[in-house]
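There are 2 protein chains.
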Amino acid sequence: MPDHRIPPLQSSLPGPPPAPVPATGTVPVDMSVPVDTSVPDPGAGGALERILRGPSGLGTEGLHFARYEKPPAPSEPETAEPETAAEGNPIPGLYYHPIPEPDPARVEEVSRRIKAWAVDEAQVYPPEWEDQFDGFSVGRYMVACHPDAPTIDHLMIATRLMVAENAVDDCYCEDHGGSPIGLGSRLLLAHTALDPLHTTEEYEPAWLESLQSDAPRRAYRSAMAYFLETATASQADRYRHDMGRLHLGYLAEAAWAQTDHIPEVWEYLAMRQFNNFRPCPTITDTVGGYELPADLHAQPAMQRVIALAGNATTIVNDLYSYTKELKSPGTHLNLPVVIAEREGLSEKDAYLKAVEVHNDLMHRFEAEAAALATDCPVPTVLRFLRGVAVWVDGNHYWHQTNTYRYSLPDFW
Amino acid sequence: MPDHRIPPLQSSLPGPPPAPVPATGTVPVDMSVPVDTSVPDPGAGGALERILRGPSGLGTEGLHFARYEKPPAPSEPETAEPETAAEGNPIPGLYYHPIPEPDPARVEEVSRRIKAWAVDEAQVYPPEWEDQFDGFSVGRYMVACHPDAPTIDHLMIATRLMVAENAVDDCYCEDHGGSPIGLGSRLLLAHTALDPLHTTEEYEPAWLESLQSDAPRRAYRSAMAYFLETATASQADRYRHDMGRLHLGYLAEAAWAQTDHIPEVWEYLAMRQFNNFRPCPTITDTVGGYELPADLHAQPAMQRVIALAGNATTIVNDLYSYTKELKSPGTHLNLPVVIAEREGLSEKDAYLKAVEVHNDLMHRFEAEAAALATDCPVPTVLRFLRGVAVWVDGNHYWHQTNTYRYSLPDFW
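As you go down the protein sequences, you meet chains S and R in turn.
The working numbering puts the first residue of the first sequence at 1, with every later residue one more than the last.
The working numbering puts the first residue of the second sequence at 413, with every later residue one more than the last.
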């Protein structure tokens, strides 16, 4: 998973809790935030694209599906001031769309419920990490990304899965006990919490017991059980597939880490298409209370849109977490680091090139989404495309405003 | 993948061809073959189950869909002599269904075409390995598993994919240059031949070029391109998902190999549900020229049937390749070996217990398939269930008759 980790509880890996970090709410609001300083792609900037993306007024106003059906007034959010200035600075030159602040009442309620789930119900985090869990702001993240969720229960589906995905990444792959050694086994056994084992009577109990044996599996199992209460069978199959992709991505990254190998740029981008946010935007319909039919989801044009959107959001993570990852021990691969190494560029030039790669992916995503909306103007397709676009925008908002985790390099 | 490997061509790993092995056709027919000495599960042995499985006369007689619609005469293939005695002995006590010899004309034509594809078109194997390629009998395998394929072209879809899957397993995972080190990277990059990269104009050409750079990727890319000519978008999505599972399974097995770890029996069975034949039976509808709708494929009951069938076929592989794997260097995990180690049983008792595990999986598969057929008697569901069952039987036939690769231990 992209890097926005919080330290989880691992029954098998006890350790002292880290020092608390200030909650995001304590960071002063920076009203000088520049907005979208990049040049929009003229080929992808039509009215249809804006309809897909929705007006910048989405968010608290976009909570009901009916609102999505009203044609939004033409707007150019990429050149307008955001309605509510967010904390943190966006990356200069980054092509993105600002969003209004997510509904504070929803954020508060989701934050309250997710803490209860993570601490008490699924036991993903110990109570003493409460402050840090708050600082992660996963409630704000998911409310920003799913403005059309009909209820808090729907938002909770996405929020639990996001926390579970992070727990697996943290405990198995990254700093909190993770390692490339044995990762293939850990991830597969955790994957059976999503995609169950079908075996004989004798061996089933030990497997079922294993799903409670550490924080990642408890989190996956519980979050998946809630997801299955609302998702259709095809939506569940889609999610399992996307999580299989994610786990393959982790394992490719781990293979390189184990041998200190720095891949070619295209190889890194291929890995990052799998180690990717994709499982998060692709549940937008379940969280929105509707279904993109399986046959439409599987269309190559839709698969391409989803992949491009996922890739853009994931490179956003590489860019915002760049300085944080530079500070961590060893070489942490991200797009600027790989470009610098493989193309012989300075850190600054490599970073700026990575911004361009991101912008290209965003423009491609928007152009392909607009083309698909024209070719297949089915309401669920249009709503799904808009849901993915809103997720992309909410994801950028969360990264930009996470000033307690992320800071920008001094390249401008 | 289960072990039925042939040495492929790797442009990056040249080496002398191995000594030729006798083709299967030279092995004398053993007419004393015992048939299904196990006790059928009384709960799963009803008429409906037999309808699902079809009469033992399937095979050349089952080439046309219309034939499937005729209710077969009640038969007990598990207690009858096979219509055509196969080479090789089945494992005593194994619950299985004999099949008639696959249509020799089809076998001959598929064998001819697959060699042309593998040697000349996709360059998976060098011409000097022709004899060994013939000995693998992949044409006979696929004709046995897909008796309802309407044309040779349909059979070729399955045959190319089977050869490609074996090339990846051989070159990346197993003896022919494979290693657990770096496997996560190799498998992910090969997976992009099935599930394409969506990236920027600058980096796309290097990725496209990579798909021609070794035998596994050439094989995946070409076999997938043919598959996509016939498969629907949802069938392609299903196949990608199953291949993602397969690659996760390879990586779990590699994680254990790297640390010489012998897993618990249930862990081994979980890994084997992923490192599994599953991608082969689940294309039965594409190869049969029809489609199991995505929403029906995703139903939990169907997913369970598919998983149980895949698990039974895969344990068949563990049992038939047992003596071969014992002879290979290092510890090659298979179910008897893991049971012996983890449950403190003798080699013989562990092997016999593994046979029971297989039989339990088969009975569960058949009982669940029969229940699903009752609950959802849609023609495509019934045909798909029968296609999976026929694949299971064809797979057993291929293992039993592969006397040039497999021999039974001396436990009876």
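Mixed in with the good hints, there may be bad ones.
Said to hold, decoys possible - Simulated crosslink set (EDC-like; lysine to aspartate or glutamate; CA at most 20 Å straight-line):
#1 S:K353 x R:D822
#2 R:K765 x R:E703
#3 R:K765 x S:D410
#4 R:K765 x S:E204
Said to hold, decoys possible - Derived DEER-like restraints, expressed as beta-carbon distance ranges:
#5 S:P377 x R:Q624: 37 to 43 Å
#6 S:D349 x R:T735: 25 to 31 Å
#7 R:E641 x S:E202: 41 to 47 Å
#8 S:A225 x R:P789: 27 to 33 Å
#9 R:P821 x S:L208: 56 to 62 Å
#10 S:E343 x R:P791: 34 to 40 Å
#11 S:L208 x R:D822: 34 to 40 Å
#12 S:P92 x R:A713: 29 to 35 Å
#13 S:E209 x R:G594: 54 to 60 Å
If you're looking for bench data, these hints aren't it; they were derived computationally from the structure.
For each residue, glycine too, the CB sits at the ideal point set by N, CA and C.
Violations among the numbered hints, reported as their numbers in ascending order = 1, 2, 3, 6, 9, 10, 12 and 13
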